Amino acid sequence: MFCRITSEPIDPHEAAQHVRSDADGAVVLFSGVVRNHDRDRPVVGIRYEAYEEMATQALRVICEEVASEYPIGDIAVVHRVGDLSVGDVSVAIAVAAPHRDAAYKASREVIERLKREVPIWKRERYVDGDEEWLDGTIPGVPGGS
Amino acid sequence: MFCRITSEPIDPHEAAQHVRSDADGAVVLFSGVVRNHDRDRPVVGIRYEAYEEMATQALRVICEEVASEYPIGDIAVVHRVGDLSVGDVSVAIAVAAPHRDAAYKASREVIERLKREVPIWKRERYVDGDEEWLDGTIPGVPGGS
Amino acid sequence: MTSLFFASYRDLVGAEEIVLDLPEGSTVSQLVEQVRSRPGADALPEAPAVAVNREYASIDTVLSDGDEVAFIPPVAGG
Amino acid sequence: MTSLFFASYRDLVGAEEIVLDLPEGSTVSQLVEQVRSRPGADALPEAPAVAVNREYASIDTVLSDGDEVAFIPPVAGG
Chain A
1 MFCRITSEPI
11 DPHEAAQHVR
21 SDADGAVVLF
31 SGVVRNHDRD
41 RPVVGIRYEA
51 YEEMATQALR
61 VICEEVASEY
71 PIGDIAVVHR
81 VGDLSVGDVS
91 VAIAVAAPHR
101 DAAYKASREV
111 IERLKREVPI
121 WKRERYVDGD
131 EEWLDGTIPG
141 VPGGS
Chain B
146 MFCRITSEPI
156 DPHEAAQHVR
166 SDADGAVVLF
176 SGVVRNHDRD
186 RPVVGIRYEA
196 YEEMATQALR
206 VICEEVASEY
216 PIGDIAVVHR
226 VGDLSVGDVS
236 VAIAVAAPHR
246 DAAYKASREV
256 IERLKREVPI
266 WKRERYVDGD
276 EEWLDGTIPG
286 VPGGS
Chain C
291 MTSLFFASYR
301 DLVGAEEIVL
311 DLPEGSTVSQ
321 LVEQVRSRPG
331 ADALPEAPAV
341 AVNREYASID
351 TVLSDGDEVA
361 FIPPVAGG
Chain D
369 MTSLFFASYR
379 DLVGAEEIVL
389 DLPEGSTVSQ
399 LVEQVRSRPG
409 ADALPEAPAV
419 AVNREYASID
429 TVLSDGDEVA
439 FIPPVAGG
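Chains as they are written, first to last, in the numbering used here: chain A, 1 to 145; chain B, 146 to 290; chain C, 291 to 368; chain D, 369 to 446.
In case anyone wonders, no lab produced these hints; they're calculated from the structure. One or more hints might be untrue.
[Stated by the list, open to error] Derived pair list, reagent style DMTMM-like, types lysine to aspartate or glutamate, alpha-carbon separation capped at 20 Å:
1. A:Lys105 x B:Asp246
2. B:Lys250 x A:Glu109
3. A:Lys105 x B:Glu257
4. A:Lys115 x A:Glu65
Treat the numbers as computed from the prediction; the structure is a model and nothing was measured.
Using the sequences and the accompanying hints, generate a full structural model.
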């Protein structure tokens, strides 16, 4: 298991290397990439910010729980922070498993939970010079409504 | 769209490069890898064989149909033929899309259809020296039962 | 017309390719029958999946001179 | 105890970190009230998501000396 928040450029294929094993017949690699538009508004980049110590810990919990839920070999997740440009990879998730069904499902579960639970935020920069923090998801809190 | 049957080793990351575009925020890369066991029997390798001209054409049809079914940017599929060892990549499927949901679903659809429709066969080689053609799926044929 | 055999079917038939001359108007089904009459080849299914000119085709398809008929064992890519 | 502010909440509060001394037995809710009484910070929600010592915690959590209380805006990773 490999879970990191990093300010360095992400090479998704390194994440895939982390999970490779001769027992696994399927590897699903998801890359999130900064795209040049958001709901039709032209985007030049995104600044990602994280509560790093907590985010790393939250990623680890997600990976452990997903690994216990699906018959998979290993998971690696790397999320970038700092100023990213269009085309830069913001997150890479690699899952290896003996069979593809578990690899796809576990991969999807990790990215969905990451987006709902991990303390990371993004501020989009637009072509017109404007910037704004994007609306996110209120994380589930014990005892919360 | 990039669809190939190849006898050369596959680099999955090349497939991912084929589909990259600034408009796409999600890339899902599936790799099928020769694993060291099949239903508990130790495997040393797999020989893949294809009806190459037809397989290439069938892959292209699948990619076109999946691309018209889901809002995605691009798809690349490469399937290997010849003698593969444990750890070698047999197939790589890359899908880029503006949003992740379509990328995951299209990726899954391509691999499922590939396994049901494309004229490719595999012969497993076992540690004990035995070999056998693996049971496959009878492809759907027009007017067939 | 040319018949092609792959994987386990090639092993059964003992050939990758057989060229047969069938009368005008013959169907895939009749071609299969001819092929199955060869030694060893009777282990082929009576109605295997076939592709005519690289597209899956029904066993009732009428064949023309020069058609390429592939006998397709259950597929197992991926 | 130390309060941490990220992203849009940091912009509202105008600080990354505020150290406050609250009476023994105070809750997260009381800490939030204190913070919201600062100029500008009243734009924070009355019951924001918080993490105490890096785990999500309820607004009723009783705080101890040295706790790290992070105010967590709606998350948007990926």
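Is the Cα-Cα distance between Lys250 (chain B) and Glu109 (chain A) 20 Å or less? holds, 14 Å
| message | Hinted pair, alpha-carbon criterion (20 Å max): Lys105 (chain A), Asp246 (chain B). Please report holds or violated. | response | holds, 12 Å
*asked:* For Lys105 (chain A) and Glu257 (chain B), compute the direct alpha-carbon distance and say whether it is at most 20 Å.
replied: Between Lys105 (chain A) and Glu257 (chain B) the Cα gap is close to 14 Å, so the pair holds against 20 Å.
Query - Proposed proximity, Glu65 (chain A) with Lys115 (chain A) (alpha carbon, max 20 Å) - result: Judged against 20 Å, a Cα distance of about 16 Å means the pair holds.
Checked against the numbered hints above, the structure violates none of them.
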